[in-house]
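Using the hints, position chain B against chain A.
Sequences listed follow chains A and B, in order. Heads up: the first sequence at position 70 corresponds to 239 in the working numbering, and the numbers run straight through without jumps. Heads up: the second sequence at position 25 corresponds to 1502 in the working numbering, and the numbers run straight through without jumps.
Hints in this document: simulated from the structure, not taken from any laboratory. The structure displayed is predicted, hence computed values, not measured ones. C-beta: ideal position from N, C-alpha, C; glycine also. Treat the hints with care, since some could be wrong.
As the list claims (entries may be wrong) - So the derived label-pair ranges between C-beta atoms look like this:
#, chain 1, residue 1, chain 2, residue 2, range
1, B, Ser-1498, A, Leu-465, 32 to 40 angstroms
2, B, Leu-1558, A, Pro-382, 46 to 54 angstroms
3, B, Ile-1523, A, Pro-382, 40 to 48 angstroms
Unchecked claim - In silico negatives: residues of chain A with every beta carbon more than 10 angstroms from chain B:
#, residue
4, Phe-220
5, Pro-234
6, Phe-241
7, Leu-269
8, Leu-280
9, Thr-304
10, Arg-323
11, Gly-329
12, Ile-350
13, Leu-391
14, Ser-411
15, Val-417
16, Ser-434
17, Ala-454
18, Leu-466
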Amino acid sequence: MAALTTAGPSKSGLTPPPLQHLSLRHRLAERGLDRMIWLALPGFLFVLALFVYPAVYGIMLSFQPNDESGVFGNYVEFFTDKYLFDTIGNTFRIALPAALFNVMAAVPLALVMRGRVRGKRTINTILIVPISLGTVLVAEGLLTYLGPQGWLNRTLMAVGIIDEPLRLVHNMWGVIISLIITGFPFAFLLTLSYITGINPKMEEAASTLGAGPWQRFSKVTLPLVAPGLAITFCLTFVLAFSVFPSAVLLGNPAGDSHVLSVAASQAAFQRYDFPLATTISIITAVVELTVVALVLLWRSRMYRGSSAGKG
Amino acid sequence: MTQTLARERRALRRNGAPRKSPFRWLVWLATIFFFVNLFGVIASVIANSFATEWFDTWLPTGWTAEYYSMAWNDFQLQDTLVVTMQVAFTVVIVSLLIGAPAAYVLARRNFPGKKIMMLSFLLPIMVPPITYGIPLATLLYQLKLGGTLSGVILANLVPAVPFVVLVMTPFIEQIDPRIEAAARMCGAKTWQIFTRILGPLVVPGLMAAALLVLVQTVALFELTFLTAGPGSQTLVVSLYYAVFASGIRPSQAISAMAVVYMLTTLIVLVIALRHVSPTQMVTQVKTENNE
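The following block holds chain A by itself, in its conformation from the complex:
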């Protein structure tokens, strides 16, 4: 409430300001800096105080190890302790397949769903359910469903595909499956919005030039949607890379799903070593941003002109 009353410009620009202020205020207003800017201040200050400042504070804290191991002590510990260092590989082994699968599976469904399909809204609504339920509930459900006596293993055994129950929980497979259940709908809904933005006339034009379905997809649609897919991949990958609740509940947090976020929270809440925990968080962010930057760099070399029109 205070935000509005302090920021709300009670005196409007209608009354002319005193002459001696006119020039400066005028010049500022010309560049868009009038009193209206104050309205943005609470939001900006909030982000500075609770996002930027903690990040800076975390970076400084990471250089102040709890023990006497010097400025880079935490970083040295992370990169020399094999159990900690392996978390990077573990996280990639889980996040990369999940993100790639989600994006690649989203494309064909989005291709089918972009036209007028009966029950489109129903399908979209069902797909939003796992996203809004969240990873904790999906993990709890998968524990039963994928377990040795769960419905999936029972069905597979009843059909005769397998003789022994598959081991899908308390290892990285469970984590990957949970990332697909929550991540695939997310990737699909993003991809769908990109694909519907492509003018279907372009494919029709290719068709008149004799392109078959596969050529129309690979030479026309795919290049046009690729920049969007790059963004989708980045967002899905970042989500998967920071997997936490399902890695603990559904994976093997001491073994193959000892991922970066698990290591960070263990450092914070089991060892109470907050400097090490923030160090791991910072390393997570750096690795994530590197992958995102590489994908975006690759994306900047793609065609990004107009593909819009009636979609």
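This is chain B only, laid out in the frame that chain A set:
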């Protein structure tokens, strides 16, 4: 709608286009497979919550609802639900109060430093909560806010405020600024423009933003997990602790709690879907990233 669809189909078939290609069949099969599994996951939780015993059979051997009262008492679900609602509604109101004015400025003005401001609203959404959550939680504990309700609310506001800004900015952009200019020409004061002209026009946008934030906050796990103490846990966090410490209580009680959480989320979701489309819930972020 259905009629035009049928007519189009018929027209397509006349032109020799196949009605259903093998590719479409494959995609539909895969989608149905996904839905069956999703249904299985949710149904397992519900079935287990009503089970007397469920070991090596397709369905539980008997049915009971007694684990709901056990979950309700043992997990103090009433208190947890109250906390969840307190956190969610405070976050919605505060994020709208802080975020909507900022969105107005970003939609209407060009000023030096606008790009930086945009970026500072984009980053908290792009960076996953667990990454910035630990430094944030460390700081909140230093300020003696960790483990309190206000700490949880502050932490949950961090992604909510930028989210409101990103949802509201394009919404305000599409309101014709000439309406404001016309009101000013007619002698309206600035506060009058806000309350009588813009206010009614932005209500649908505010509504959508509020509901999206509500859905997100109820399901947001990481930040609450990192900042909550006993007494300030939201439903999703106490569900996590219950699953984490499974073995202490029967699994049916945990499932019953999961069903309560699921119902809460779905009620919020159903209300939200009356005002926003499913795609909007995901793509709001995208339209901004795509710039």
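Taking the hints in turn, this is what the structure says about them:
{"no.": "1", "hint": "Ser-1498/B / Leu-465/A: 32 to 40 angstroms", "in the structure": "holds, 35 angstroms"}
{"no.": "2", "hint": "Leu-1558/B / Pro-382/A: 46 to 54 angstroms", "in the structure": "holds, 52 angstroms"}
{"no.": "3", "hint": "Ile-1523/B / Pro-382/A: 40 to 48 angstroms", "in the structure": "holds, 42 angstroms"}
{"no.": "4", "hint": "Phe-220", "in the structure": "violated, 5 angstroms"}
{"no.": "5", "hint": "Pro-234", "in the structure": "holds, 14 angstroms"}
{"no.": "6", "hint": "Phe-241", "in the structure": "holds, 18 angstroms"}
{"no.": "7", "hint": "Leu-269", "in the structure": "holds, 16 angstroms"}
{"no.": "8", "hint": "Leu-280", "in the structure": "violated, 8 angstroms"}
{"no.": "9", "hint": "Thr-304", "in the structure": "violated, 7 angstroms"}
{"no.": "10", "hint": "Arg-323", "in the structure": "violated, 6 angstroms"}
{"no.": "11", "hint": "Gly-329", "in the structure": "holds, 16 angstroms"}
{"no.": "12", "hint": "Ile-350", "in the structure": "violated, 6 angstroms"}
{"no.": "13", "hint": "Leu-391", "in the structure": "holds, 15 angstroms"}
{"no.": "14", "hint": "Ser-411", "in the structure": "violated, 3 angstroms"}
{"no.": "15", "hint": "Val-417", "in the structure": "violated, 7 angstroms"}
{"no.": "16", "hint": "Ser-434", "in the structure": "violated, 7 angstroms"}
{"no.": "17", "hint": "Ala-454", "in the structure": "violated, 5 angstroms"}
{"no.": "18", "hint": "Leu-466", "in the structure": "holds, 15 angstroms"}
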